[in-house]
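These are the residues of each chain, in order.
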Amino acid sequence: MAIDAEEVVGATPSNTTRTIHVTVNGTPHRSTIQNRMLLVSYLRERLRLTGTHIGCDTAHCGACTVLVDGVPAKSCNLFAVQVDGKKVQTVEGLETGGKLHPVQEGFHLEHGLQCGYCTPGMMMASVALLAANPNPTEDEIRRGISSNLCRCTGYINIVKAIQYASAKMREPTKGGP
Amino acid sequence: MAKAEPIAGGIGQSIPRKEDARFIRGKGNYVDDVDLPGMLFLDLVRSPYAHAKITALRKEKALAVPGVLAVITGADLAAAKLAWMPTLMSDTQMVLPTDTVMFQGQEVAGVVATDRYAAADGVAAVEVDYEPLPVVVDPFKALEPGAPVLRTDKGKKDNHIWHWEVGDREATEKALKGSAVVIKEKLYIPRIHVSSIETCGCVAQVDVMGKLTVWMTTQAPHAIRTVFALVSGLPENQIRIISPDIGGGFGGKVPVYPGYVIAVVAALTTGHPVKWIEDRTGNLTADSFARDYHIEAEMGATKDGKLTALRVKTLADHGYTDAAANPSKFPAGLFHIITGSYPFATAFVEVDAAYTNKPPGGIAYRCSFRVTEAVYTIERLVENMAHQLKIDPAEFRLKNFIPPEAFPFKSALGWTYDSGNYAGALKKAMEMIGYDALRKEQAEKRARGELMGIGISSFTEIVGAGPSKQFDILGLKMFDSAEVRIHPTGKVIARLGTKSQGQGHETTYAQILAEELGLPADAISIEEGDTDTAPYGLGTYASRSTPTSGAAAAMAARKIREKAAKIAAHLLEVSPDDIEWKDHKFQVKGVPDKSKTMAEVAFAAYTNFPQGMEGGLEAVDYYDPPNLTYPFGSYICAVDVDKETGQVKVRRFVAVDDCGVIINPTIVDGQIHGGLTMGFAPSLMEEIQYDEQGNIKQNSFLEYLLPTAVETPKWETGKTTTPSPHHPFGAKGVGESATVGSPAAIVNAVLDALQPYGVTNIDIPLSPHKVWKVIHAKDPH
Amino acid sequence: MYPPNFEYYAPKSLDEAIGLLDQHQGEAKVLAGGQSLIGMMKLRLAQPAALVDINGIPNLAYIREDNDNLCIGALTRTAELGRSDLIRSRYPIFSDAAAEIADPTVRNWGTVGGNACHGDPGNDLPACMIALNAQYRVQGPKGVRPLLARQFYQDSFVTALQPNEVLIEIRVPRPVAGTGTAYSKMERKVGDFATAGVAVQVVVGKSGSLDGAAIGLTNVGPTAIFASAASEFLRGKAGTASDLAKAGELAADAAQPIADNRGPVDFKKDMVRVWTRRTVARAIARAKGGK
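Chains as they are written, first to last, in the working numbering: chain B, 1 to 177; chain A, 1 to 781; chain R, 1 to 291.
These are calculated hints, taken from the structure and not from any lab test. The reader is advised that the hints may include incorrect statements.
[Unchecked claim] The calculated DSBU-like cross-link candidates involving lysine-lysine, where the alpha carbons are at most 35 Å apart (straight line), are:
#, chain 1, residue 1, chain 2, residue 2
1, A, LYS649, R, LYS246
2, A, LYS445, R, LYS237
3, R, LYS288, A, LYS649
4, R, LYS142, B, LYS86
5, R, LYS142, A, LYS773
Turn these sequences into a full structure, and let the hints guide you.
If you want it as structure tokens, here you go:
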């Protein structure tokens, strides 16, 4: 179990702090935090997972999107205490065993990113989109990523990136029984 | 003879980007990712009033908040002569006010705390008493006698900032009077905000040796360093600006914002690193806007449709200080590209700027220094003229374009366009969209009372600022640079004075150097943004990187090749005169299998170079471009308008761009897609407005509308290639063309759809209620 | 961007939750999806001393029909409402609305109950609930009481829900034969509140004319509006183009929009007219067996 950087040994929760247990990218954490700490702050500042980004104050841009128990959430619009006992996946958890997730591959090969700032949130939304709908039409893709704003790409290549990932993930896996 | 193998990752290849490796893993290094031991946080108190005297400011409650360490006010800064700072246009701007605030959202005090939540608590606890003053919001009213004078601090007696003009007033007046047809239009291009997904911010740190390091969201790190040195008195070699990964710039990260200065002051006074990250509200309300031009344009033509003259008068609303990031000789930027793709014999442009109680800025939204405003004007008027003369707008343009043989072309307003083939781009766009079929469909729909429109924009862009004779920012000439060093094992590090914010420089510069050096792109590392190591440059904005540093990279590479040729000759035991650079190799003339690669020469540059020659293999080039470059294109848009609701749907949009020689076609297309989206959104949904009290009406993404993938059209792109004759490899720059060229195409299309209602203008954004109003006025249900 | 601190409770039972709300005497807020509340807290527009997180309370999220009613547990996520086949086949007004509330990610967390009882005139479900004559079941210290949606909304952010009560279930009468429902939301972009939203339920009788109609309007007044005159007008009508046009005009008359960035008052009223006509047409088409 990972104890995060600022956990105070023996800290007891007060009525404005709480101890939470949350698994992030497969690693369990125990942290004592202020109730008001947003999930995005917890991830970025306490766990030093800075791939998830903040882009606005009003939960419109989606740059902070992570998966909570597999479901996309805007981590700037959730308190960390609300994910006590849950599993969170961030962009840092997409690559496994040194192998990129097909969504990451797609974004790279189809030039689905430019400045990269909206990209982690966009990719997490894409992962969830394909999990729910493995072979989406272009319009379904556009609706599926409509919680995520991008200023650089005009979305054209993001759509292609997701189509690449969709095709790759529907390929029958090679190798015999 | 066998065709030469292209060099891996050379010019023209769509290689995937090298920088992606960190971004797709969430391992980018943006300013808010910088984490230093003992780092403190700065948050800002902002004025709720657009114009007010500060009668009291109390820090006590804020200082009592747990975690709050300091509250910095204008009075504190004034003691160090830092309450005011120069702007990039040699005006003055408050860092923090000592007595008067000038726009809603203006920074009033800084709160420094141990974490950002405590800083927010501190901001809520600072108490400020204001005495509201009369607000100046309308720039026309600002210039009327008796208007409240805003810049009394400068001893001004009115709100007029400057007047600027170019062209021939008398000849233009005469030509318009003598024209068979003259049209006149008033166009207002409202304020918009670039809203890159990453806001602005910095981390300021002073180390034990007294060196100031600032990680900063800046597109121009060297210029910032020099400005900081001049303003603070700190020695310039004791200031290091690091521009790390930037989450979108588009011009919004060029100005020096008060938050940066306050963070530096806080770092100096607390002895701790201080981080300031702007929130989105602060970003929208206080940091650099773009546009806000009130334009009156007149255009003349002969009765058979030949353009004669153009006259433009503009009032520029600059907010409370002139902080537009323009080249110093051009307070209205490159607005006088406004004669566009047409050979007007005469033209006259005048611009007046006014102070108002709004934030300063003007340039920050992918506009190439006011070129968006210029292109919008000319392409809207040309379309209107075509309709006025009942000539098809495509035919009208083809009839009037500057012909290819006229280049280099000197415009009536003083620009020498390097190359162009306007008819080629327009014809290609017409073919791609099926123009004739669309016009036929439109005629049928019109007969049924359905609203369908087609609009064109054939723009000439002007980028690559710029030649030292004409271009400087605060006196700093606008050359740019590349320093290239080849290691013994044939690997390269190149550093440039520009700074990518997503344009893919780590890939495209590597491609230029791959082509010029004959080494594969993946052997070439590109670095930008650290002023301690990168050669001096003026940064990336106004689509200038490829025309300036791209050229510098090529020139540096050619200097290297000159030396390398001598080493090759030495290795091949021939005279240097017998060596030619062919097929990316140093070959003995006439004996192609006697050759050396750059990699072989690189090793020899350290191990086996001629006696009397210096070892090593590197060069630096500071490139002073001989001219600007002039990308161009033609865009055609087809829209359908819902007659009952005023909603506009862009059915098709074809963009044919010509940016000269293309380094990476996929990256160029990416720039076009993004640029088109940033032309589309202001045309239909983005706008910053103020009420009569100077209250901003769009201070969050709930009201400042950025399009999602659902609203954004499916852009179709095409290319023509007309190289720049003066650029080392014929490239022109492309980052902003699509933002510059697209609004006119969209608006022309909507107005075309509304042709039954006889309107010649609706000011953008064309929100449904504005379109509805036009329809409803004539056609109430 | 960062809220002040607060006490936080995550009760495991309704009684515990209600006890906590009661104890805090109006200083505590229910945290369900939080998608509206947390945003207000971040901007410091709402500063509750305590949050009572009800997400851990079992048996509050379900979609089912009994003999008389569709019963939706208040904690049902909006996304779940959007995915439900039962809803799509028998109450498509909710499928329409669920596809347009906020954006897809927010819908994963926002709840049906929250959208119904938050009291923002921009929320989309209230007009639907009004059109369907829904009943809200609300639990407080003294037990459960029913409230009609048509009487629930008093002013912007003011509803009949007391600070020590929790909305637990929404009941919608099962549709009779010939029922058709639809919701239209005119919005400037995905994620915006409605410029105008129209919720319609019609019942087409055996003769083909309308036995009844109910129209609710979103974001054109301080609360969702029951366009009763327009609804009453359609009863007994054949449902011709002229009938629909007239209904639109009556609905526009009932609207009390304010001018804002979405447009001036006359425009918004005209949008109510247009979208009422279009939505009634869609509801009638569905009643007659279309989609």
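Evaluation of the provided hints:
no., hint, in the structure
1, A:LYS649 x R:LYS246, "holds, 28 Å"
2, A:LYS445 x R:LYS237, "holds, 33 Å"
3, R:LYS288 x A:LYS649, "holds, 30 Å"
4, R:LYS142 x B:LYS86, "holds, 34 Å"
5, R:LYS142 x A:LYS773, "violated, 54 Å"
Violated hint: 5 only; the structure is consistent with all others.
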